[in-house]
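S.K.: Chain residues, written in single-letter form:
Number of protein chains: 2
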Amino acid sequence: MKVRILVSLKDSVLDPQGQTVRNALHTLGYESIKDVRQGKVFEIELEGVSQEEAAKVIPEISDKVLANPIIEKFSWQILEKG
Amino acid sequence: MKVRILVSLKDSVLDPQGQTVRNALHTLGYESIKDVRQGKVFEIELEGVSQEEAAKVIPEISDKVLANPIIEKFSWQILEKG
Numbered sequence: 327m328k329v330r331i332l333v334s335l336k337d338s339v340l341d342p343q344g345q346t347v348r349n350a351l352h353t354l355g356y357e358s359i360k361d362v363r364q365g366k367v368f369e370i371e372l373e374g375v376s377q378e379e380a381a382k383v384i385p386e387i388s389d390k391v392l393a394n395p396i397i398e399k400f401s402w403q404i405l406e407k408g
Numbered sequence: 327m328k329v330r331i332l333v334s335l336k337d338s339v340l341d342p343q344g345q346t347v348r349n350a351l352h353t354l355g356y357e358s359i360k361d362v363r364q365g366k367v368f369e370i371e372l373e374g375v376s377q378e379e380a381a382k383v384i385p386e387i388s389d390k391v392l393a394n395p396i397i398e399k400f401s402w403q404i405l406e407k408g
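Chains as they are written, first to last, in the numbering used here: chain R, 327 to 408; chain V, 327 to 408.
One chain only, chain R, in its complex shape:
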């Protein structure tokens, strides 16, 4: 099973990395870009787990390893079943 997990800063948390990217884009003339938020994406290959087990494991590893739950949120989706 292939799973994609998106980890991004909570909306209430400042994102200096994203702001730097936005400023760089403005300098290059892309004035239409009003806001940039940067996060992480993990694509994970799981073997021998059911969808129910994945639904337990993914939030667990996201909270423990992939994201910092104090300042980050995560979402996930299954890309390939089986």
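Treat each hint with caution, since some may be false.
[To be verified] Computed cross-link-like contacts, PhoX-like style, restricted to lysine-lysine with a CA-CA straight-line distance of at most 20 Å:
no., chain 1, residue 1, chain 2, residue 2
1, V, Lys382, R, Lys366
2, R, Lys366, V, Lys336
3, V, Lys407, R, Lys366
[Claimed, not checked] Which bits of chain R does chain V cover? Going by a derived footprint, with three or more residues having C-beta under 8 Å, they are:
no., segment
4, 335-342
5, 353-361
6, 372-384
7, 395-404
[Claimed, not checked] Covered by chain R, per the in silico footprint, the following chain V stretches (three or more residues, Cβ under 8 Å):
no., segment
8, 351-362
9, 380-394
These aren't lab readings, by the way, just hints derived from the structure by calculation.
Built from N, CA and C at the ideal position, the CB exists for glycine as well.
Once you have looked at the hints, place chain V on chain R.
M.R.: Leaving out everything else, chain V in the frame of chain R:
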């Protein structure tokens, strides 16, 4: 318009960051995780651009600023229109 851009290493490029995460997960007992690839995600707010203009601007800024086309690939999707 809100757009999400995913930037990840090309399949042929080693991902030591992802491997470190996988090893950490194995150490914690998550043996079902066979592979981890880590990438970046950008959520971008565009103003005053049509969908056609976005389809021109997004690949442009991805190639110039967000990704390194030598070793990275990108994909994008519109999250919110208008």
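S.K.: Now tell me if each hint is right for this structure.
M.R.: Hints, verified against the model:
A threshold of 20 Å between alpha carbons decides the hint, and for lysine 382 of chain V with lysine 366 of chain R the separation of about 24 Å lies outside it, so the pair is violated. About 16 Å separates the Cα atoms of lysine 366 of chain R and lysine 336 of chain V, which keeps this hinted pair within 20 Å; it holds. A distance of roughly 23 Å separates the Cα atoms of lysine 407 of chain V and lysine 366 of chain R; the hinted pair therefore is violated under the 20 Å criterion. Counting residues of the segment 335-342 of chain R whose beta-carbon sits less than 8 Å from any beta-carbon of chain V gives 0, not enough to reach three: the coverage restraint is violated.
Look at the segment 353-361 of chain R against chain V: 6 of its residues bring a Cβ nearer than 8 Å to a Cβ of that chain, three or more, so the hint holds. Coverage of the segment 372-384 of chain R by chain V holds. Counting CB-CB distances below 8 Å, 6 residues qualify, and the rule asks for three or more. Requiring three or more residues with a Cβ within less than 8 Å of a Cβ of chain V, the coverage given for the segment 395-404 of chain R is violated, as only 0 such residues are present. Look at the segment 351-362 of chain V against chain R: 8 of its residues bring a Cβ nearer than 8 Å to a Cβ of that chain, three or more, so the hint holds.
A count of 5 residues in the segment 380-394 of chain V with a Cβ less than 8 Å from any Cβ of chain R is obtained; the coverage claim is therefore met, three being the minimum.
Going down the numbered hints, you'll see the structure goes against 1, 3, 4, 7, while the others check out.
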